[in-house]
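Enquirer: Sequence:
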Amino acid sequence: MNTLSLTLTTLELGGNEIGDVGAQLLGDALQHNTVTLITLTTLDLTYNDIGDVGAQFLGDGIQHNTTLTTLNLDGNKIGDVGAQFLGNGIQLNTTLTTFNLGGNKIGDVGAQYLGDGIQHNTTLTTLELSGNKIGDVGAQSLGDGIQHNTVTLITLTTLKLSGNEIGDVGAQSLGDGTQHNTTLTTLDLGCNKIGDVGAQSLGDGIQHNTTLTTLDLTYNNIGDVGAQSLGDAIQHNKTLVTLNLRKNEIGDVGAQFFGDGIQLNTVTLILCLYKPCLHLYFFI
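For the sequence shown, numbering that gives the first Met the number 0 assigns the number 0 to the initial residue and increments by one for each residue that follows.
What the hints contain is simulated information worked out from the structure, not anything from laboratory work. For each residue, glycine too, the CB sits at the ideal point set by N, CA and C. Fair warning: there could be bad hints in the mix.
[Claimed, not checked] Using C-beta positions, here's what the derived DEER-type ranges look like:
1) Leu263 with Asn15: 45 to 55 Å
2) Asp115 with Thr41: 22 to 32 Å
3) Gly13 with Thr265: 41 to 51 Å
[As the list claims (entries may be wrong)] Once the Cα atoms are required to be at most 30 Å apart in a straight line, the calculated DSBU-like pairs of lysine-lysine come out as:
4) Lys192 with Lys246
5) Lys237 with Lys76
6) Lys246 with Lys104
7) Lys76 with Lys104
8) Lys104 with Lys192
9) Lys104 with Lys132
10) Lys132 with Lys76
11) Lys192 with Lys132
12) Lys237 with Lys192
13) Lys132 with Lys246
Whole structure, please, built from the sequences with the hints as guidance.
Expert: Here it is as structure tokens:
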């Protein structure tokens, strides 16, 4: 790939079976962006059978690249080893704002590598890690990161962790993180295993959080007990606008807890317990 490009800003190569060899060529181009792909800001490599080897070359590429703002690697075969290379890359990158690694095989170890990598990154705003089986251990690594956002994850506003087998232990870490975080506005934890205990931990977090506007907890088996914890939390939260709790086995008792909480809430809250969502307006 020696062709000079002075105008290309977006390159979409999704679903092309590029694999590790193709990723190597693109990684080399990104690394030497003073000569090739000099204006590229968006690179889409979704569903391309890229594994750990290809991730290594892409990690090397973004480590030196100074133009790329969006990198989409959704639906590949990147594991914890590849996540380590990518973590090393984003640690030194100064332009990337959106990084999508959804639907890979990162796991809890890979999540730790990425958590370590973004500790020194000051530009990333959106991190997508849905469907990676990071579990409680991986959630703990990310929770620690968002908790200490004075030095880590300093610009992160959107964190997507749906479908990751996160339970109440991981929810506790994320709850602790959101309690102290001052940048995160969107947290997606849909399709995990948080339960009522995890809901209590998250409730404690959002009760003191001052920036979160959207929280997705669909399919988490929260139940009426968990609903009570979240209902208590929204009494005190002043920023949450959308709370999605579809498919959580919340009955009339749980709905009553939310009703009580919303009466004391001072913002417009879109509460999704069923379809359609309830747009609830309360002003004090």
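Enquirer: Hints broken by the structure, by number, lowest first?
Expert: 5
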